[in-house]
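Protein chains in written order, with my numbering: chain A, 1 to 305; chain B, 1001 to 1358.
Rather than coming from a laboratory, the hints here were simulated on the basis of the structure. Possibly wrong hints are sitting among the right ones.
What the hints assert, rightly or not - Using 25 Å as the maximum straight-line C-alpha spacing, the simulated DMTMM-like pairs for lysine to aspartate or glutamate come out as follows:
#  : chain 1 : residue 1 : chain 2 : residue 2
1  : B       : Lys1148   : A       : Glu2
2  : B       : Lys1182   : A       : Glu2
3  : B       : Lys1182   : A       : Glu5
4  : B       : Lys1354   : B       : Asp1337
5  : B       : Lys1245   : A       : Glu113
6  : B       : Lys1241   : A       : Glu113
7  : B       : Lys1120   : B       : Glu1274
8  : B       : Lys1298   : B       : Glu1238
9  : B       : Lys1245   : B       : Asp1295
10 : B       : Lys1148   : A       : Glu5
11 : B       : Lys1103   : B       : Asp1275
12 : B       : Lys1264   : B       : Glu1056
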Amino acid sequence: MELVEAIILAVLAASTPLLIAATGELVTERSGVLNLGVEGMMIVGAACGFAGAWLTGSIFVGALFGIVAGTLMSLIFALMALGLAVNQVATGLALTILGIGLSGLIGAGFVGERLTPAAHLSIPGLTDIPLIGRVLFGEDAFVYFSIALIIGVWWFLYRTRAGLILRACGDNHVSAHALGYPVLRIRTFAVMFGGACAGLAGAYLPLAYTPFFIPGMTAGRGWIALALVVFSSWRPGRLVVGAYLFGAVTILQLHAQGWGVGIPSQFMSALPYLATVIVLVLLSRARTGGSTAPAALGTVFVPDR
Amino acid sequence: MRKSLLALAAGLLLAGSVSAASAADKLKVGFIYLGPIGDLGWTYQHDVGRLALVKELGDKIETTYLENVPEGPDAERAIEQLVRAGNKLIFTTSFGYMDPTLKVAKKYPNVHFEHATGYKRNPNMSTYSAKWYQGRYIQGLIAAKMSKSGVLGYIGSFPIPEVVSGINATILAAQTINPNIKVKIIWANTWFDPGKEADAAKALIDQGADVIMQHTDSPAAMQIASERGKLAFGQDSEMIKFGPKTQLTSILDTWGPYYIARVKAELDGTWKSEDTWGGLDSHMFAMAPYTNMPDDVKKMAEDAQAAITAGKLHPFKCPIVGQDGKPVECKGGDHLDDGQILGMNFYVKGIDDKLPGK
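Let the hints inform the model, and build the full structure from the sequences given.
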C-alpha cells in the first residue's frame, strides 16, 4: 500500500511540469499560433525561478520570476511572429536555442547551489490517511495550481465569450478580423499566457522537483509538452489524461526495472511515448469528424486594413 | 609588371606566414566538451583538468574549448574548427566523438588528437580512459557494510561495457561482505536528465534500497537520497554539497595530471600515439574523502584503496562466475584481462536481473 502511494506521488510530481507547460501551449495554439519555443521558455523559467528563490529565499518569488521570465521570452516570439509576421516554426525553434543559451548565462552563478524545495501541504488528520492522504492533501502548491489551471482553461475556452473569440481567431482569423476582433492583440495575450505557463513549468523543476539548477535541466520536457498538445487534439480534458498517463508510464517503467521484469530497458524507456500516442489515438478515433486542429494554426496573419 | 606583382603577392604570403608563426610561439591546445562546463559532472571535471594544465604550463600554451558539442557527425565540424584555428593538440572528451575525431585526424596528419574513452587510434590519435571499476569495487565494499536492508540501488545510464563492469565490480565487492546482497538496477537510458534520475532514485528507495549508486551525471539522486535519509555515492565530481549527511564517497575524475603530461610531451616533441588506461596508481581518478561512515568501514575502504593502488587487489580476480553459474574464462592469469573488462557484456552471479539486450 505504501508503495502504491509512493508511486502515485512520484507520478504527480513527474506529470506536473508537463501539464502546466502543455496547458499554456494549448491556449496559444487554440488562438492559431504555433510556438515551438516551449523548451526555451521553460529553461529560462528554470534559471530565473531558481535565481529568484535563491536570492530572496522564497519559493513563491521564485515561481513569479519564472512566470515573468517565460512571459518576456514569449514576447520576443510575439514581436517576431505576430508583429513582424515571421515564420512561426523558425521563430519558435530560434527561441528554444536562445533560451538554452540564455539560461546557461543566467544560471552560471547558481550552479552548485541548492535550495530547500517547495513545502508540501500538511493538514493534521487528513494528510495521514493511508494511501490517499498524502496524494490528496500532501502535495506542493504547484500540483494543486496545475489542476486549477487546466480547469480554469477549460472553463475559459468553452464557457466564456472571450474563450469563444479566442478559438474563433484560431479557426479563421480572417472572419474574426472581419467581425472586428483584434486578432493580433488576442493572439499576443495567448502567446504571453503560453510563455507564463512554460516559465512556471520550468521553475517547478529547480523549486520543487530537483531543487538545484544545472544548465539543460529541462532535458526535453518542453518538446514533450508540445507533443501532448497535439496528441490531446487540443482538448483540455484529454491533455490531463495524456500528461498523467505519460508521467505514470515513466514512473512505472522505472519500478518495473527495479522489480527485474526482464523487458529490455530501452523498450521500457520508449513506453511512455508509445502508450501516450496509442491511448490518445484511440480517444480521437472514438469520435467521428475530421481534424480537430485549429484551422488557422501556424499561419501568418497580416491585417489588411 | 606581372612578375613583380607575383613577387609582391609571394612576399605578402611570406609575411603572413611569418606573423602567424610568431603568434604561434605558444602551443595551441583545444578541447571539445560534451556538456556545459556547469554540469557539475563529466564536462566540469575535464575543465578542471584543463585549468590545472593552464596553471602548470600557461606561459607556454594557449587553450581553447568548445562546450555543448553534440556527439556524432556535428562534432566533426567543431573539431575541424579547432584545427583551422591553429590548435596542434586536441582533446575530444566523450566516447561519441570517436569516429569524428578519427576522420579529422586522418585529414590532418600533422595535428595530434587525444580521444577520451574510445578504442580507435591512429598514428596521430591517442586514446585515454580510467579504470573506474576500481573505484566501484571500493564503493561496493562500503555499500555492503552500510546497507541495513541488504538491497543496493543502482542507476545506470546505458548498458555499455563501462557501466556493466562498474555494476559487476560493485556486486563482487559487496558479496565479499554479504554473500546475499541484492542489487536493483534501473537504466535511465540517458546520461543527464535530473528529473528522471530523481525519479529512478525514488523508485529504488521505494522498493527498499537504502544505498544509492549512480552512473548518470547529475546530483539529483544524491539529493533524493538525502531527502529520504538514505546513503549514496557521488559520480564524476564531489557532490557532498547535495548530501552532506548522505555522500559516502565519490569517484572523482582527475584529468589534470594526464593533460599536463601529454602537453609536456607535445612541447618536447616526444608525443606519440598511445593507449592510456590508468587506474588509482596513475592518478587518472581519485576517491573523494570517505564520509558518513564508522571508522572501521572507513579503514576498510582505505585499505582496499591502498591494495588496489599497489596492485595487490584486483576487482576482477578469478574465479568470476557468470549468471549462468559457469566460470568466465580467465585470460589475464589470476584475473580477467583488460580486453575482457573493456568489452564486458554479462552480469556476474548474484545479480537478479537480466542485462538489457542479452
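Do the alpha carbons of Lys1148 (chain B) and Glu5 (chain A) lie within 25 Å of each other, as the hint requires?
-> With Cα atoms ~23 Å apart, Lys1148 (chain B) and Glu5 (chain A) stay inside 25 Å; holds.
Holds or violated: Lys1264 (chain B) with Glu1056 (chain B), Cα cutoff 25 Å?
-> Holds: Lys1264 (chain B) and Glu1056 (chain B) sit about 10 Å apart, inside 25 Å.
Given the hint that Lys1120 (chain B) pairs with Glu1274 (chain B), does the C-alpha gap stay at or below 25 Å?
-> Given that 25 Å is the threshold and the Cα spacing comes to 11 Å, the pair holds.
Can the restraint linking Lys1148 (chain B) and Glu2 (chain A) be considered satisfied, given a maximum Cα separation of 25 Å?
-> With a Cα-Cα distance of about 19 Å, the restraint between Lys1148 (chain B) and Glu2 (chain A) holds, given a limit of 25 Å.
Within 25 Å, alpha carbon to alpha carbon, are Lys1298 (chain B) and Glu1238 (chain B)?
-> holds (18 Å)
Hinted pair Lys1182 (chain B) and Glu2 (chain A), Cα distance within 25 Å | With Cα atoms ~21 Å apart, Lys1182 (chain B) and Glu2 (chain A) stay inside 25 Å; holds.
Given the proposed pairing of Lys1182 (chain B) with Glu5 (chain A), does the C-alpha separation stay at or below 25 Å?
-> Status holds; Cα separation ~24 Å.
Is the Cα-Cα distance between Lys1245 (chain B) and Asp1295 (chain B) 25 Å or less?
-> holds (15 Å)
Lys1241 (chain B) and Glu113 (chain A): Cα distance at most 25 Å?
-> holds (8 Å)
Pair hint Lys1245 (chain B) and Glu113 (chain A), alpha-carbon separation not exceeding 25 Å = holds (16 Å)
Within a Cα-Cα threshold of 25 Å, do Lys1354 (chain B) and Asp1337 (chain B) meet the stated pairing?
-> With a Cα-Cα distance of about 24 Å, the restraint between Lys1354 (chain B) and Asp1337 (chain B) holds, given a limit of 25 Å.
Holds or violated: Lys1103 (chain B) with Asp1275 (chain B), Cα cutoff 25 Å?
-> Roughly 18 Å separates the two Cα atoms, so the pair holds.
In summary, the structure agrees with every hint in the numbered list given earlier.
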